[in-house]
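J.: Start from chain A and add chain B according to the hints.
Same order as they appear, the protein sequences are chains A and B. Heads up: the first sequence at position 80 corresponds to 903 in the numbering used here, and the numbers run straight through without jumps. Heads up: the second sequence at position 294 corresponds to 380 in the numbering used here, and the numbers run straight through without jumps.
Misleading hints may appear alongside valid ones.
As the list claims (entries may be wrong) - Chain A is nowhere near these chain B residues, computed Cβ spacing over 12 Å in every case:
no.: 1; residue: 107
no.: 2; residue: 114
no.: 3; residue: 134
no.: 4; residue: 433
no.: 5; residue: 468
no.: 6; residue: 558
no.: 7; residue: 601
no.: 8; residue: 646
no.: 9; residue: 678
no.: 10; residue: 680
no.: 11; residue: 692
Stated by the list, open to error - Example chain A residues on the side facing chain B (calculated, C-beta under 8 Å, incomplete):
no.: 12; residue: 840
no.: 13; residue: 846
no.: 14; residue: 880
Said to hold, decoys possible - Now the stretches of chain A that chain B is said to cover, found in silico as 3 or more residues with beta-carbon under 8 Å:
no.: 15; segment: 825-834
no.: 16; segment: 870-877
Calculated from the structure, these hints are not laboratory results. Cβ atoms here follow ideal geometry from the backbone N, Cα and C, with glycine treated the same way.
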Amino acid sequence: MAHFIYGVATNTGKGFFTAEDRRAFFLRGYPANVWMVGNNVNGAMWLAEKNGVEKTKSEAQALIDAEVQAAQATWDAQTDEEKALRERPGDVTLP
Amino acid sequence: MATYEEIYGKRVEVLDADPTLTSATEGQVWYNSTTGTLKSLVSFASWHSSTNLGTARYGTGIGQSQTAAALAGIQKASPTAHIGNTEEYDGSGWATSGSLNTTRYRIAGAGTQTAGMGAGGYIPGSGLQNIVEEYNGSTWTAVTVMPSSVQFQSGSGPQTAAFYTSGNYPGGDTGVTLKYDGTNWTTGPSLNSGTRQSGTVGGSAAQTACLNAGGYNPPGSPGDGSTVEEFTGSAWTTVTSLPLGIHASGSSGISTNALVFGGSAPSYVKTQAWDGTSWSESANQATSVRRVHNGGGGTDAALGMGGNPGSGATEEFSKSTYTTTAAAWASGENLNTARYHMGGAGSQTATAVFGGNAPPPILSATEVYDGSSWTTSPASLPAATQNLAGFGTSTAAIAAGGQAPGFTDATSSFNGSSWTSGPTLNTARAFLAAAIQGTTTAGLVFGGEAGPGYQTATESFDGSSWTSTPSSLPSAMSDGGGAGTQTAALIIGAESPPLRQTVLEWGGSSWTAASSLITGRTDNTAAGSQTAAITFTGQPAPGNILTEGYDGTAWSTRPNMATQRYGSTGSGTATGALASGGHLASPAAVTNATEEFTGETSTITASTLTTS
Numbered sequence: 824m825a826h827f828i829y830g831v832a833t834n835t836g837k838g839f840f841t842a843e844d845r846r847a848f849f850l851r852g853y854p855a856n857v858w859m860v861g862n863n864v865n866g867a868m869w870l871a872e873k874n875g876v877e878k879t880k881s882e883a884q885a886l887i888d889a890e891v892q893a894a895q896a897t898w899d900a901q902t903d904e905e906k907a908l909r910e911r912p913g914d915v916t917l918p
Numbered sequence: 087m088a089t090y091e092e093i094y095g096k097r098v099e100v101l102d103a104d105p106t107l108t109s110a111t112e113g114q115v116w117y118n119s120t121t122g123t124l125k126s127l128v129s130f131a132s133w134h135s136s137t138n139l140g141t142a143r144y145g146t147g148i149g150q151s152q153t154a155a156a157l158a159g160i161q162k163a164s165p166t167a168h169i170g171n172t173e174e175y176d177g178s179g180w181a182t183s184g185s186l187n188t189t190r191y192r193i194a195g196a197g198t199q200t201a202g203m204g205a206g207g208y209i210p211g212s213g214l215q216n217i218v219e220e221y222n223g224s225t226w227t228a229v230t231v232m233p234s235s236v237q238f239q240s241g242s243g244p245q246t247a248a249f250y251t252s253g254n255y256p257g258g259d260t261g262v263t264l265k266y267d268g269t270n271w272t273t274g275p276s277l278n279s280g281t282r283q284s285g286t287v288g289g290s291a292a293q294t295a296c297l298n299a300g301g302y303n304p305p306g307s308p309g310d311g312s313t314v315e316e317f318t319g320s321a322w323t324t325v326t327s328l329p330l331g332i333h334a335s336g337s338s339g340i341s342t343n344a345l346v347f348g349g350s351a352p353s354y355v356k357t358q359a360w361d362g363t364s365w366s367e368s369a370n371q372a373t374s375v376r377r378v379h380n381g382g383g384g385t386d387a388a389l390g391m392g393g394n395p396g397s398g399a400t401e402e403f404s405k406s407t408y409t410t411t412a413a414a415w416a417s418g419e420n421l422n423t424a425r426y427h428m429g430g431a432g433s434q435t436a437t438a439v440f441g442g443n444a445p446p447p448i449l450s451a452t453e454v455y456d457g458s459s460w461t462t463s464p465a466s467l468p469a470a471t472q473n474l475a476g477f478g479t480s481t482a483a484i485a486a487g488g489q490a491p492g493f494t495d496a497t498s499s500f501n502g503s504s505w506t507s508g509p510t511l512n513t514a515r516a517f518l519a520a521a522i523q524g525t526t527t528a529g530l531v532f533g534g535e536a537g538p539g540y541q542t543a544t545e546s547f548d549g550s551s552w553t554s555t556p557s558s559l560p561s562a563m564s565d566g567g568g569a570g571t572q573t574a575a576l577i578i579g580a581e582s583p584p585l586r587q588t589v590l591e592w593g594g595s596s597w598t599a600a601s602s603l604i605t606g607r608t609d610n611t612a613a614g615s616q617t618a619a620i621t622f623t624g625q626p627a628p629g630n631i632l633t634e635g636y637d638g639t640a641w642s643t644r645p646n647m648a649t650q651r652y653g654s655t656g657s658g659t660a661t662g663a664l665a666s667g668g669h670l671a672s673p674a675a676v677t678n679a680t681e682e683f684t685g686e687t688s689t690i691t692a693s694t695l696t697t698s
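The following block holds chain A by itself, in its conformation from the complex (with noise of 0.2 Å):
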């Protein structure tokens, strides 16, 4: 069995995730609204209940690449005074 669930899932701000979520199971978020939760009851409970669309692994990294790259090309058509002002984004890969 995966450790893991994947899903997207928009951040609506206090009481997306309690204290008490986070006490219960595993909760990481990435890019993209990707959230990693963990493969239980309470996880799978958490991610449904926040009408979140559950995803592959590789579907979620695929969704992670996308906002990245898009950033990346965002900073490389910046000027060089742009980019003094803030590193390249860099790649994020799920664990």
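T.: Structure of chain B alone, referenced to chain A:
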């Protein structure tokens, strides 16, 4: 029907309201005439989660206290990933300590956090070991080896009077026991039933009063892991069996008052309590998929940590009238504008953030949080600025330095509705840190980056001007976290790699070295005071998700955030902090998300008595 007075000899007190509840109220019964309920304060047993280990593992647990334990080595999730370092628990979190001289696993621990030991073990390719090492609270030293190589022992007692029972020897699970006096090993009376991976408890008098509970029985051998033997100084006697057979458990207490918990399936979440005569089932642990090889503490306050396979979970057992709720991060209300590298000031429930980078452009906008929502203020910073410092409150804040877009010496003050330009810094700079609990009449900023490079300058603010203090940072430090006040501050971490673990304390006139961070980082933020601080966010990974707490002496782990981020702004205290905005894992995703940290809490509640 007999009355309460006839049974107990006392009448039930009638009160208009519940009395002030303290531990001394335990056992009292009263009638609340307002609510019409019969009430009492009773203690109950429970496990609650605490901060995870820095490195998931199972190893040898040492320590006789819930608030002062250590876990050394040994094996991570992968059977081949062996580690030798030690982590120490202080009641709130874990801090790394010295490494075993010989990395191995299946070691048995005994002693305390400052005078512990690990004996025997197994090294793949080399087999069973007779190595013994003593721990002094920081380093391990090899001492007199055991008479035989052995793995899977169970140890109890202090370093100078330790008792090791059960274990797997070259000849099998022979039941041999060994005593250690701090210098030499002698053989003790053998168990009646040879076993390994048992739970052994004896406390400080283990060599004269000890209990050996459960243990592993290989397939085909007699026993189901439920055998319990008691040692009274001269021989082992078989006593009441465990209701649930178990091996590889945690254990705590003494021979007449003990707990065994966790361990092998199917009882891995169970806790079994021994009163000297019989066993009863107590509260279950919350973490269900693990074996807890390690434990410590007594029977009212025990500790379970780590487990197999590769668990980092830590849980505290309490038998108390208090209910303890573990610390955790939760999502907060989202900012109106996603941003990073902004300034901030205030508390968890009343904060102002200002400036930063969207990106692009650089921002001047200010947002104010009232505990339930963020409102974009009509007032903006006098100039769009990023990488600036902030301190004060949401209605009385100071913004200092930054890039606008060049390095600036500008400062300004916010009164909750408007910004006013203030006196300039003596050194223009960005990525500077501030004593975040400073005020508009007593502020402090330090370090940072300017044209010539990283900065050492420390400047104090008295409400009308900035003064360079005679004593600067001993090393140029940029992009660290700041905490505390004008007269008692911290700088935590820094940009350049050698300094990322560096922490310095400001005593009002000079900087002195403090205990280093466990995980070095930069671009981090902080909350709290010089003697009660936390730092969170930062880079590189894993510092972007880890939280560490400082008690004025040492750093230990706290629960992780949910989102990896850096370039955030922190506000609040060590037990009520707010992390706002930042990058999510990569500059690709600037976020408007916030997270709120709530420290561990304890509450006391009276129970309502019913007839059912």
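J.: Are all beta-carbon distances from residue 646(B) to chain A longer than 12 Å?
T.: violated, 8 Å
J.: Is the interface hint for residue 846(A) satisfied, with its Cβ closer than 8 Å to some Cβ of chain B?
T.: holds, 5 Å
J.: Taking the closest Cβ pair, is residue 840(A) under 8 Å from chain B?
T.: holds, 5 Å
J.: Please confirm whether residue 433(B) is truly not at the interface, meaning its C-beta sits more than 12 Å away from all C-beta atoms of chain A.
T.: Correct as stated: the minimum Cβ-Cβ distance to chain A is 16 Å, above 12 Å.
J.: Any Cβ of chain A at or closer than 12 Å to residue 134(B), or is the non-interface label fine?
T.: violated, 8 Å
J.: Can the segment 870-877 of chain A be counted as covered by chain B under the rule of three residues or more with Cβ-Cβ separation shorter than 8 Å?
T.: violated (count 0)
J.: Checking the smallest CB distance to chain A, is residue 558(B) really beyond 12 Å?
T.: Given a closest Cβ separation of 27 Å, the condition holds.
J.: So is residue 601(B) really clear of chain A, every C-beta pair being over 12 Å apart?
T.: holds, 27 Å
J.: Confirm or reject the statement that residue 468(B) sits farther than 12 Å, beta carbon to beta carbon, from all of chain A.
T.: holds, 19 Å
J.: Examine each Cβ of chain A, and state whether all of them lie more than 12 Å from the Cβ of residue 692(B).
T.: holds, 23 Å
J.: Does the claim that residue 678(B) lies outside the interface with chain A hold up, using a Cβ gap greater than 12 Å?
T.: violated, 9 Å
J.: For the segment 825-834 of chain A, count the residues whose Cβ lies under 8 Å from any Cβ of chain B; is that count three or more?
T.: violated (count 1)
Violated hints for the displayed structure, listed by number in ascending order: 3, 8, 9, 10, 14, 15 and 16.
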